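S.K.: Chains as they are written, first to last, in the working numbering: chain A, 1 to 112; chain B, 1 to 109.
Simulated from the structure, these hints should not be mistaken for laboratory data.
Computed beta-carbon distance windows for the label pairs: (1) His-72/B to Ser-18/A: 40 to 50 Å; (2) Thr-110/A to His-76/B: 29 to 39 Å; (3) Leu-39/A to Thr-45/B: 12 to 22 Å; (4) Gly-16/B to Gln-17/A: 49 to 59 Å.
Source: prediction; values computed, not measured. We put the beta carbon where it would ideally sit given N, CA and C, even for glycine.
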Amino acid sequence: EAGVAQSPRYKIIEKRQSVAFWCNPISGHATLYWYQQILGQGPKLLIQFQNNGVVDDSQLPKDRFSAERLKGVDSTLKIQPAKLEDSAVYLCASSLEVHEQYFGPGTRLTVT
Amino acid sequence: DQQVKQNSPSLSVQEGRISILNCDYTNSMFDYFLWYKKYPAEGPTFLISISSIKDKNEDGRFTVFLNKSAKHLSLHIVPSQPGDSAVYFCAASAGKIIFGKGTRLHILP
Numbered sequence: 001e002a003g004v005a006q007s008p009r010y011k012i013i014e015k016r017q018s019v020a021f022w023c024n025p026i027s028g029h030a031t032l033y034w035y036q037q038i039l040g041q042g043p044k045l046l047i048q049f050q051n052n053g054v055v056d057d058s059q060l061p062k063d064r065f066s067a068e069r070l071k072g073v074d075s076t077l078k079i080q081p082a083k084l085e086d087s088a089v090y091l092c093a094s095s096l097e098v099h100e101q102y103f104g105p106g107t108r109l110t111v112t
Numbered sequence: 001d002q003q004v005k006q007n008s009p010s011l012s013v014q015e016g017r018i019s020i021l022n023c024d025y026t027n028s029m030f031d032y033f034l035w036y037k038k039y040p041a042e043g044p045t046f047l048i049s050i051s052s053i054k055d056k057n058e059d060g061r062f063t064v065f066l067n068k069s070a071k072h073l074s075l076h077i078v079p080s081q082p083g084d085s086a087v088y089f090c091a092a093s094a095g096k097i098i099f100g101k102g103t104r105l106h107i108l109p
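All chains should be modelled from the sequences, with the hints used to inform the complete structure.
M.R.: Here you go:
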């Protein structure tokens, strides 16, 4: 069974530029999550989708971050404009039930 | 406001001995507790979990203990093996999962 796929794996941008991350969840997983993991911290939930709909986006900085999940499968997370403090690993996860999430390898973003 | 705390950033254990990773939490509404393991450049992988109605769950070399009165859980790994060297995240769920900061475990030869 293929795991959660993410691209790109690494991205370096300058502040105020925009960037987008892509995630393809495990086939059949209705729930998809985006997490932000800052160095030395645990992953922090940014947004949770159930099929096409948003379940929780309470910690998503909506003035600069946006996410969508088209057709209930793939998802993209966008940052526009990026700030220095957005430097982190962005993890996508999917699950059938919340207590057993499967994570992708993550995208390491560096904002200079 | 850290609801899940892992107070030891790192831990070194001799191969073959027992590794004990600790975690404290503050929210009494958590109904599930999980441990994830993370290798460099990879995403976290689920290791073991425990429901709040239980006090122990065992899976091979891994056992998780939950002390609800103390709001404390621990992960025991016995015997420790070189492949166990990784960062371990404690997490708790009350609908969504909240992670601790992680403990880096080094297994010494």
